[in-house]
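Fit chain X to the supplied structure of chain Z, relying on the hints for placement.
As you go down the protein sequences, you meet chains Z and X in turn.
Note that the first sequence covers residues 37 to 125 in our numbering.
Note that the second sequence covers residues 794 to 1062 in our numbering.
Source of the hints: derived by calculation from the structure; they are not laboratory data.
These stretches of chain X come out as covered by chain Z in the derived footprint (C-beta under 8 Å, 3 or more residues):
(1) 981-992
(2) 999-1006
If you anchor each label on the Cβ, the simulated ranges turn out as follows:
(3) E71(Z) to P1024(X): 14 to 24 Å
(4) E1056(X) to D53(Z): 24 to 34 Å
(5) E89(Z) to A981(X): 37 to 47 Å
(6) S972(X) to A111(Z): 29 to 39 Å
(7) S68(Z) to G812(X): 25 to 35 Å
(8) D1014(X) to A63(Z): 14 to 24 Å
(9) V845(X) to R110(Z): 57 to 67 Å
(10) E71(Z) to D903(X): 35 to 45 Å
(11) A981(X) to V100(Z): 31 to 41 Å
(12) A976(X) to Y98(Z): 36 to 46 Å
(13) S119(Z) to D903(X): 39 to 49 Å
(14) G815(X) to K65(Z): 21 to 31 Å
(15) S119(Z) to E851(X): 35 to 45 Å
(16) S68(Z) to E851(X): 35 to 45 Å
Where is the CB? At the ideal position from N, CA and C, for every residue including glycine.
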Amino acid sequence: MTEHFKIAPQVHARSFDGETVVLDLTAGKYFSLDEVGAAIWDALTSNKTQLEEIVQHVVAAYEVDAATAETDVRAFLAQLCASGLIVRV
Amino acid sequence: VRWTCSFPPEGGAVEYRLGRDGSDVVAEWTGLATFRARVDGSGARLDPLGDVEPAELERQLGPVLAALLGHLRGEIALHASSVARRDVAIAFLGDTCAGKSTIASRMCLDPDVALLADDVAPLRHVHGAVWVQPSESEHELRPDVARAVGLPSSGVKTRLRPARRAERAARLGACVVLSFDDAATVPAIERLPSARAFAAVARATMRFVVDEPDVLRAELDALARVVAQAPVYVLRRSRDLANLDVSAGVAARLLRSIAGEPESGEAQS
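In isolation and in its complexed conformation, chain Z is listed as follows (with noise of 0.2 Å):
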């Protein structure tokens, strides 16, 4: 079954040179993410949903396999839920 992810509604986001700094606007807490997470986030922006589009937009954008990608991109999107950054969908 396709697993879909969307940005949270109380969330905003600015991105430096390649990172994203993202703050939630319930608990005023700012996330930092990395260039990978930042890749993500940036297919999230792009209504890219599925877990599937996320999995192949960062396989796209780095040298790495399709199987790596998804195990790392499940862990993060798990990381971003867990945070209330983004929800299923």
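Here is chain X on its own, set in the frame of chain Z:
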């Protein structure tokens, strides 16, 4: 009032607390004053308590009230000292006791350098640039620091006037995070990459309201403007005051550089 934070945070007699009363922001300084404003900063009102002299109230609360109102109105203030040279400012960030006042007081011995802030540096975004507002007219120094920079000292931490106080805002040219490294034989300065620069400035930002989306959005945008305009450095140096001249010299060279002045000793043509 729903109090959301107080100082000191570990408990004991409350010196300061901040809270919400519906859509109002309320702050209270024990024995000094209470403050109330709507969350957009409108309708601000300060009510002194007891018979505190207005000048004393301004000295004690002026900078932090400017920071609080600025935050509600979409600006930020840094917990920082700041000095200016030729209308360009440098801000020194760091934890309590990191030496922010110390290095600012040493730099103010230069007759071309003026004090903007000792502890609270309000920033304003005007005409596409970030400016440091003059907010304080005195250094607050430990006696040993006062002696080290040649100012009169007493047995306690004292407030001392610098030779020059900035009378107008200065464009923020750089931020310097102060860090002690007792193994350092010479001070080392290093520019931070963007994300670490953002984290350093965010850590130094005085935050009063963290539950209002509009205030928080404006805060992130203001932080982004600061990091886009002003490079952020970390200065690691020994805490030994005998090395203060050398550490302040590093910061002074950086300030001259961002103010567009040649290195001292360079040939003038």
